[in-house]
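Participant: Residue-level listing of the chains:
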Amino acid sequence: MAIKTEAIGKEWPATTYEVGKEKIGEYARVVGLDNPVHFDREAATAAGYRDVVAPPMFCVVYSAPALGPAMFDDEVAMNFAAMVHGGQEFVWGEPACSGDEITTKAKCLQIYEKDGKGFYVFETVSTNQDGAEVVRGTWTNIVRGV
Amino acid sequence: MAELKAGDAIPELKVTPDKYLPHRYAGASGDFNPIHIDPEFAKAVGLPNTILHGLYMMGLTARAATEAAGGDPRALKRLSVQFRGMGAPETEIVVSGEVKSVEDGKATIDVVAAQGDNQTIRNAEAEVQA
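Sequences listed follow chains A and B, in order. Note that our numbering has the first sequence beginning at 672, numbered continuously upward. Note that our numbering has the second sequence beginning at 273, numbered continuously upward.
These are computed hints drawn from the structure, not numbers from a lab. Everything numeric in this text was worked out from a predicted model, so none of it was measured. It cannot be assumed that every hint is accurate.
Unchecked claim - In silico BS3-like links for lysine-lysine, alpha-carbon gap of 30 Å or less:
hint: 1; chain 1: A; residue 1: 785; chain 2: B; residue 2: 315
hint: 2; chain 1: A; residue 1: 681; chain 2: B; residue 2: 349
hint: 3; chain 1: B; residue 1: 372; chain 2: A; residue 2: 694
hint: 4; chain 1: A; residue 1: 675; chain 2: A; residue 2: 788
What the hints assert, rightly or not - The calculated label-pair distances, taken between Cβ atoms and stated as ranges, are:
hint: 5; chain 1: A; residue 1: 679; chain 2: B; residue 2: 306; range: 25 to 33 Å
hint: 6; chain 1: A; residue 1: 783; chain 2: B; residue 2: 395; range: 33 to 41 Å
hint: 7; chain 1: B; residue 1: 311; chain 2: A; residue 2: 801; range: 25 to 33 Å
hint: 8; chain 1: A; residue 1: 705; chain 2: B; residue 2: 366; range: 30 to 38 Å
Where a beta carbon is used, it is the ideal one built from N, C-alpha and C, also for glycine.
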């Protein structure tokens, strides 16, 4: 079966996420981080941050909502039953701090077939309230037996 | 700031996620895919049991790279991973890595996360401020 590629280049509406101090702490505890800059406002500002700072990988929390509609789009037509998250890249810019309002846009970068598998590559770009880029993510999903 | 040189091994990070870790990670991240939290569902779709979130293991990889660079979250500039083997709760995860190169104050570290012989994250590359 030929893979559908019409969605390459398609963009989806931006989502906005307001970063909260307790949500940062919850994430940091789960991955075992104990640096006080993730929990304590004074420690964070003393270290030069505007407020309690998110661990870099907290980006999944604020950028994933933009990706949902892209992954479930009928034009993308990904077979979820046979899908695995194959690869992931993040490139970080300005740190994300409590109180930041982060806007994320998702785009389909590539859809291609290789060795009987479908590769679906999406990009998310997240910017803060000042327009500074916070993170750029490249999400690769692999579907077996396309 | 930590001093990193090409060829150096980074300190190993060893974590054994308890049975309920995937539930807490689901709550923290918002990813409630039942393959991570519901054993019956996981088995119904052909998995041996619930599996760890790949992005949780990537979170541990980010932590190991950040701690190798001295612990400031600003140090981590880029992280690229491939998810391969499935990760299981209640099994020790070891994140290890080696500094590949240091250029212009930035170190590139090759990182692997594994449970025994099962490499759950491989070909991972982290770029940190050295």
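Participant: Does each hint fit the structure? Answer for all of them.
Facilitator: Checked hints:
1. A:785 with B:315: With Cα atoms ~28 Å apart, residue 785 of chain A and residue 315 of chain B stay inside 30 Å; holds.
2. A:681 with B:349: Distance ~27 Å between residue 681 of chain A and residue 349 of chain B Cα, so the pair holds.
3. B:372 with A:694: violated, 34 Å
4. A:675 with A:788: Holds. Residue 675 of chain A to residue 788 of chain A sits at ~13 Å (cutoff 30 Å).
5. A:679 with B:306: 25 to 33 Å: At 30 Å between Cβs, range holds.
6. A:783 with B:395: 33 to 41 Å: violated, 19 Å
7. B:311 with A:801: 25 to 33 Å: Since the Cβ atoms of residue 311 of chain B and residue 801 of chain A sit about 45 Å apart, the hinted range of 25 to 33 Å is violated.
8. A:705 with B:366: 30 to 38 Å: violated, 19 Å
Checked against the numbered hints above, the structure violates hints 3, 6, 7 and 8; every other hint is satisfied.
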